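A.B. asks: Sequence:
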Amino acid sequence: MEYNKHRRNKKTAAFYVSSEWRKTRAEIIRRFDGVDIYAFYVLHVIQTADMVHHITPIEDDWNRRLDATNLIPLSNHSHGIIEALYSKDEQTKKATQKMLYDLIERHWKATGGV
0 MEYNKHRRNK KTAAFYVSSE WRKTRAEIIR RFDGVDIYAF YVLHVIQTAD MVHHITPIED
60 DWNRRLDATN LIPLSNHSHG IIEALYSKDE QTKKATQKML YDLIERHWKA TGGV
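Residue 66 in numbering that gives the first Met the number 0 sits at position 67 of the sequence shown; the count goes up by one each step and never skips.
Worth flagging that the hints you see were computed from the coordinates, not collected in a lab. Watch out, some of these pointers could steer you wrong.
[Unchecked claim] With a cut-off of at most 27 angstroms between alpha-carbon atoms, the simulated BS3-like pairs for lysine-lysine come out as follows:
(1) 108 <-> 93
(2) 97 <-> 87
(3) 108 <-> 10
(4) 92 <-> 10
(5) 108 <-> 92
(6) 97 <-> 108
(7) 22 <-> 10
Predicted model, so just to flag it, every value in this text is computed and none were measured.
Start from the sequences and build out the full structure, keeping to the hints where you can.
C.D. replies: Right under this line is the structure:
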């Protein structure tokens with residue numbers, strides 16, 4: 000909650016504690032069997048996903064906040080790596096976003112899933 004006070008606007012902070020977000024977050028983690036997709040495909044380790052990341056941040060596109068195709072399950076460790084890449088520069092952010100979308104597609108092709 001302290002993070003929200005200093006880093007997020009009120010609308011965004013309210014969204015992250017809403018029942019619609021909590022349900023969506025739980026569903027995304029369930030769909031990916033609780034696995035951090037970045038760690039699995041990029042770092043080649045199995046890590047538990049304890050968060051869900053908006054590939055296109057909600058600050059950039061509020062309408063995609065509950066879009067399952069814009070959400071990827073991550074561990075805190077992977078989330079830190081990705082946020083550092085997003086912060087580097089716009090080109091790196093866009094390349095990282097493309098990679099994350101590609102990882103989701105790769106995962107569903109490999110598993111025959113959703």
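A.B. asks: Give a verdict on every hint.
C.D. replies: Do the hints match the structure? See the list:
1. 108 <-> 93: Measuring from Cα to Cα gives roughly 23 angstroms; hence the hint holds.
2. 97 <-> 87: Since the Cα atoms of residue 97 and residue 87 sit roughly 15 angstroms apart, the hinted pair holds (cutoff 27 angstroms).
3. 108 <-> 10: violated (36 angstroms)
4. 92 <-> 10: holds (24 angstroms)
5. 108 <-> 92: Holds, because 24 angstroms separates the two Cα atoms, which is no more than 27 angstroms.
6. 97 <-> 108: holds (16 angstroms)
7. 22 <-> 10: Holds, because 18 angstroms separates the two Cα atoms, which is no more than 27 angstroms.
Of the hints listed earlier, the one the structure fails to meet is number 3.
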